[in-house]
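Chemist: Just so you know, the sequences run in chain order U and X.
If you count the first sequence from 1, position 4 lands on 204 in my numbering, and the numbers rise without skipping.
If you count the second sequence from 1, position 243 lands on 443 in my numbering, and the numbers rise without skipping.
Hint data in this document are derived by calculation from the structure and do not stem from the laboratory.
Since no wrong hints were added, every one of them can be taken at face value.
One copy or two, either will do: identical chains are not told apart, so a pair holds if it fits within one copy or between any two.
Each computed BS3-like pair below joins lysine-lysine, with the alpha-carbon atoms no more than 27 Å apart: (1) 446 - 388; (2) 382 - 446; (3) 413 - 446; (4) 413 - 388; (5) 413 - 382.
Number of protein chains: 2
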Amino acid sequence: MALETRQRLYCDAALHNGAELTLNRDQSHYLINVLRYQTGQEVLIFNGVDGEFRASISVADRKKAQLSCHEQTRPQDPMPNLTLVFAPIKKARIDFIAEKATELGVGRIQPVMTDFTQVSRVNTDRMAANAIEAAEQTGRTTIPSVDQPISLQNLLEDWPEGCHIIFCDEDYAGTASFAFHKQVASLKGPAAILIGPEGGFSPRERDMIRGHKAAVPVSLGQNILRADTAMLAALSLWQGVAGDWKDA
Amino acid sequence: MALETRQRLYCDAALHNGAELTLNRDQSHYLINVLRYQTGQEVLIFNGVDGEFRASISVADRKKAQLSCHEQTRPQDPMPNLTLVFAPIKKARIDFIAEKATELGVGRIQPVMTDFTQVSRVNTDRMAANAIEAAEQTGRTTIPSVDQPISLQNLLEDWPEGCHIIFCDEDYAGTASFAFHKQVASLKGPAAILIGPEGGFSPRERDMIRGHKAAVPVSLGQNILRADTAMLAALSLWQGVAGDWKDA
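Full structure from sequences and hints, please.
Modeler: Printed below as a string of structure tokens:
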């Protein structure tokens, strides 16, 4: 699929007509040294709240490039009301979770610690950086938040009213009545996809989730998917069957 | 999600009650040296055609471990009639395509060379190895074939009768009437997901695909997805809306 051909950058600064921006060292290096952009050349800029703007390079400095902000090219989109709740998995596979979740339109990424989680800490800064890069490359104007890890019990106790918990329950694998599209096609409003770790949820956790009034158990086919694959599949299916892609 | 707890191996040999098998060097090393399996311990074995069998280690040799095949634990599943046709992308991202496509239930992986494809060769042996590993880990009894690359024009000219081409067309991004689930929910029979390279299909190619009688153009939401993300999303949606997960 084609990506934006004009360079698109996230910048943590207020954006408006006439705003002057200074890029950070990494962005300046990339734009001026690597891509060899020169004074007057244009990029697209967004900050996650003010929409997207066209901006031109006013000072082509290799460490502190400066941009002049021209007109808005896109208004700010609302933050998607889709959350990914996932149990952290080993590093090699976590690296692309924030990236793919961002592309697939989540508004919030919530790591959750479970009985069988084998990872003790989550680099949320790195995940946030992955999310920004994915937003830059795929034309999103919003950046999903990456929250600090929380225990499953605390998460469920403070669960926001009215938000569905789409529970990818491997015990229901292959059970026709729990097929994803049947369970979610008629749901409205905010939702979270909940995916367990390799090894699944413990029986205690499974009871806790199933007993939650917001829980919607779903099956993702006959075979047990890897945790990262299950996330991507469930997010895609949600978008296609109940979410933003349903009519777009 | 939980994976199989018993070690599961692909073995390129005929499987039946009483069959004696010799594992290759890599598998022998992994099972005997790394996992420290001993004589009498059991594994699950499949070969892509005879279903899955329980087998026990008869000779715990570190280079040529031998197994005795006991009863069949699962019959052979039919090969899924879902194909992934994709334009090769850079190496870092191609590595997981065969893995994810296998988990998401394709029967055939067909690399296709397009006008904007920037990769000159595809390591199909490596992709086949990735597919076997994914099949081992996710309980599939079938192994998808990984075909040699072919030009888009040749592929379309020899397209098998009756197989839908689900064409992820970025020109229709955000077009409600081409929403994936609307376009595919009522389709029956074999299908292929067709995904272009970064940069998309050329106008000539797009005309050629749209003019094909088997083509079903679909939209995957408002934003343009990266090629690898679009593949995973389209395969998941196909399975959930029209394929194997629809009633499972």
